[in-house]
Amino acid sequence: MSKYKLFLLRHGEGAWNKENRFCSWVDQKLSENGLKEAQECGALLKEQGYKFDLVFTSILSRSIQTAWLVMEAMGQEWVPVVKSWRLNERHYGALIGLNRAEMAREHGEEKVKLWRRSYDITPPPIDESHPYFLEIYNDRRYTTCDVPKENLPRAESLKEVLDRLLPYWNSTVVPEIRKGKTILISAHGNSCRALLKHLEGVSDQDIAKVTLPTGVPVLLELDENLRPTKPRQLLGDQEKIQAAIKKVEDQGKAKPST
Amino acid sequence: MAAYKLVLIRHGESCWNQENRFCGWFDADLSETGEREARRGGQALKDAGYEFDICYTSVLKRAIRTLWFVLDSIDQMWLPVQRTWRLNERHYGGLTGLNKAETAAKHGEAQVKIWRRSFDTPPPPMDEGHDFYQAISKDRRYSDLTEEQLPSCESLKDTIARALPFWNEEIVPQIKDGKRVLIAAHGNSLRGIVKHLEGMSEEAIMELNLPTGIPIVYELDKNLKPVGPMQFLGDEETVKKAMEAVAAQGKAKK
Numbered sequence: 001m002s003k004y005k006l007f008l009l010r011h012g013e014g015a016w017n018k019e020n021r022f023c024s025w026v027d028q029k030l031s032e033n034g035l036k037e038a039q040e041c042g043a044l045l046k047e048q049g050y051k052f053d054l055v056f057t058s059i060l061s062r063s064i065q066t067a068w069l070v071m072e073a074m075g076q077e078w079v080p081v082v083k084s085w086r087l088n089e090r091h092y093g094a095l096i097g098l099n100r101a102e103m104a105r106e107h108g109e110e111k112v113k114l115w116r117r118s119y120d121i122t123p124p125p126i127d128e129s130h131p132y133f134l135e136i137y138n139d140r141r142y143t144t145c146d147v148p149k150e151n152l153p154r155a156e157s158l159k160e161v162l163d164r165l166l167p168y169w170n171s172t173v174v175p176e177i178r179k180g181k182t183i184l185i186s187a188h189g190n191s192c193r194a195l196l197k198h199l200e201g202v203s204d205q206d207i208a209k210v211t212l213p214t215g216v217p218v219l220l221e222l223d224e225n226l227r228p229t230k231p232r233q234l235l236g237d238q239e240k241i242q243a244a245i246k247k248v249e250d251q252g253k254a255k256p257s258t
Numbered sequence: 001m002a003a004y005k006l007v008l009i010r011h012g013e014s015c016w017n018q019e020n021r022f023c024g025w026f027d028a029d030l031s032e033t034g035e036r037e038a039r040r041g042g043q044a045l046k047d048a049g050y051e052f053d054i055c056y057t058s059v060l061k062r063a064i065r066t067l068w069f070v071l072d073s074i075d076q077m078w079l080p081v082q083r084t085w086r087l088n089e090r091h092y093g094g095l096t097g098l099n100k101a102e103t104a105a106k107h108g109e110a111q112v113k114i115w116r117r118s119f120d121t122p123p124p125p126m127d128e129g130h131d132f133y134q135a136i137s138k139d140r141r142y143s144d145l146t147e148e149q150l151p152s153c154e155s156l157k158d159t160i161a162r163a164l165p166f167w168n169e170e171i172v173p174q175i176k177d178g179k180r181v182l183i184a185a186h187g188n189s190l191r192g193i194v195k196h197l198e199g200m201s202e203e204a205i206m207e208l209n210l211p212t213g214i215p216i217v218y219e220l221d222k223n224l225k226p227v228g229p230m231q232f233l234g235d236e237e238t239v240k241k242a243m244e245a246v247a248a249q250g251k252a253k254k
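Chains A and B, in that order, are what the protein sequence lines are. Under the UniProt record's numbering, the first residue of the first sequence is numbered 1, with each subsequent residue one higher. Under the UniProt record's numbering, the first residue of the second sequence is numbered 1, with each subsequent residue one higher.
These are calculated hints, taken from the structure and not from any lab test. It cannot be assumed that every hint is accurate.
Claimed, not checked - Below 20 Å or equal to it, Euclidean Cα-Cα: the simulated SDA-like pairs (lysine to any residue) are:
| hint | chain 1 | residue 1 | chain 2 | residue 2 |
| --- | --- | --- | --- | --- |
| 1 | A | Lys-230 | A | Arg-178 |
| 2 | B | Lys-179 | B | Gln-82 |
| 3 | B | Lys-138 | A | Asp-53 |
| 4 | A | Lys-159 | A | Thr-122 |
| 5 | B | Lys-138 | B | Glu-148 |
| 6 | B | Lys-106 | B | His-130 |
| 7 | A | Lys-51 | B | Leu-145 |
| 8 | A | Lys-179 | B | Ser-143 |
| 9 | A | Lys-46 | B | Arg-141 |
| 10 | B | Lys-225 | B | Tyr-4 |
| 11 | A | Lys-5 | A | Leu-234 |
| 12 | A | Lys-181 | B | Asp-139 |
| 13 | A | Lys-51 | B | Arg-141 |
| 14 | B | Lys-179 | B | Leu-164 |
| 15 | A | Lys-5 | B | Arg-140 |
| 16 | B | Lys-138 | A | Pro-80 |
| 17 | B | Lys-138 | A | Gly-49 |
| 18 | A | Lys-29 | B | Arg-39 |
| 19 | A | Lys-181 | B | Arg-140 |
| 20 | A | Lys-46 | A | Pro-80 |
| 21 | B | Lys-46 | A | Asp-27 |
| 22 | A | Lys-36 | A | Gly-236 |
| 23 | B | Lys-46 | B | Arg-36 |
| 24 | B | Lys-179 | B | Val-217 |
| 25 | A | Lys-46 | B | Lys-138 |
| 26 | A | Lys-36 | B | Glu-35 |
| 27 | B | Lys-179 | A | Asp-139 |
Since the model is a prediction, treat every value here as computed from it, not as a measurement.
Sequences are here, hints too, so could you generate the full structure?
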């Protein structure tokens, strides 16, 4: 019996997605397409009559922007929004800012595949010599987190994403779900996947195959033990969704599939 | 030496402002002009290098979206935001939705004058028959309010009476804790804060119309008393116009 409804949303295109670079903790805003994706997502959710009680986002602008546009489309700007670094995108360490070709050149195709597909292998950490190090770690928002800045990650595997997400899920999100609130989590590809892995009990191997399309709301109906009562539902035009999934998967391939 | 800085911003033109209708708790959106005003306000804060730690706003979209435009401009979208009905615009009761002409036609010029000049006379209540009763009084966002809290109409006195507890219990402790606060709200809820900060009389606060879309800065001492008059942020011309408009208000004939 479905007791609770939870919505996950992966934000849409940012400026770097277009160039196929790992954005990660660099605070890019949404591109024009990304803005549109968020607006369309909001229109869909409005059309289907959903009503949120609470919204969670990361502290990266693109997930917040996405949430705002969704709420605007639904006329639910008044719904409380809670933000946390624990919903941030996976920290890609030294790989941040690199694109496909650069990554393969610097580290070799095999290594890159491993970092992307494995559950618990961490990429090399970002250090002071990295072009984006200061932009990230000098940002004031990282002095407001619930861990001291020096303890924030310098690189993460997907497992490490879940390790820092799960305490937040349990302490902050779950109690709200249990109050019967309909919740939207507006976050990123890997933070959403990590949460899905946990909720659906996906294995370490199988999670690599799970691809979330951007801008498509994922509805999870949960029982009173917060276990899914049915498979996750990707809401919207199913053809469009399949195309969007393929688009993300193609980005992961070394050569574009023409 | 100012211990604290506080920034207030009153939202700009809404779609209903354009039509000169009493808006109150009706959730009208910003007009394009209002959006421009918000962006301009945000730009002024960005140019002056303002950083905040926490933001407060009402549950009405015209204030919330104004805040969002500002946060986007100053690149601080990650700041915590608290929304509260207590910072809502004054509830105009039965007048909600009426434009100036309709109001005068319905209630007579004399009565309208009384309402406009009175600090504590509320307009007629919004009853179940009102066009906007369902949309406002039964809106989900007010479901946590008690019967006593949910207004059917408000005088300026009533508005201030429900805004100040939030100021005192939620905002003041944050300021005293050294948090830099930004409040994006409405003409009358902000009047409540200004009246309180400056110890203004009822007559004086009724004369004061805060400029829209322009960040209003207060420097406060450690007892939260303003060390000087409110300052406006913006380009020279915008600021000058705002100051002149405010100064002229006290002298305007009614």
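20 Å Cα cutoff - pair A/Lys-159, A/Thr-122: holds (9 Å)
Given pair status - A/Arg-178, A/Lys-230, alpha carbons within 20 Å: Holds - the C-alpha atoms of A/Arg-178 and A/Lys-230 are around 19 Å apart, at most 20 Å.
Given hint B/Val-217 paired with B/Lys-179 - CA-CA distance at most 20 Å: holds (15 Å)
Satisfaction of hint between B/Arg-141 and A/Lys-51, Cα-Cα up to 20 Å: Given pair A/Lys-51, B/Arg-141 holds - Cα atoms ~11 Å apart, limit 20 Å.
Hinted pair A/Lys-36 and B/Glu-35, Cα distance within 20 Å: Holds - the C-alpha atoms of B/Glu-35 and A/Lys-36 are around 19 Å apart, at most 20 Å.
Given pair status - B/Glu-148, B/Lys-138, alpha carbons within 20 Å: holds (14 Å)
Hint consistency between B/Lys-179 and B/Gln-82 [alpha-carbon to alpha-carbon, up to 20 Å]: holds (14 Å)
B/Lys-138 paired with A/Pro-80 [C-alpha distance capped at 20 Å]: holds (19 Å)
A/Lys-29 paired with B/Arg-39 [C-alpha distance capped at 20 Å]: holds (17 Å)
Proposed proximity, B/His-130 with B/Lys-106 (alpha carbon, max 20 Å): holds (14 Å)
Agreement of B/Lys-179 and A/Asp-139 with the hint, judged by alpha carbon distance not exceeding 20 Å: Given pair B/Lys-179, A/Asp-139 holds - Cα atoms ~17 Å apart, limit 20 Å.
Proposed proximity, B/Leu-145 with A/Lys-51 (alpha carbon, max 20 Å): Distance ~19 Å between A/Lys-51 and B/Leu-145 Cα, so the pair holds.
Every hint from the earlier list agrees with this structure, and none is contradicted.
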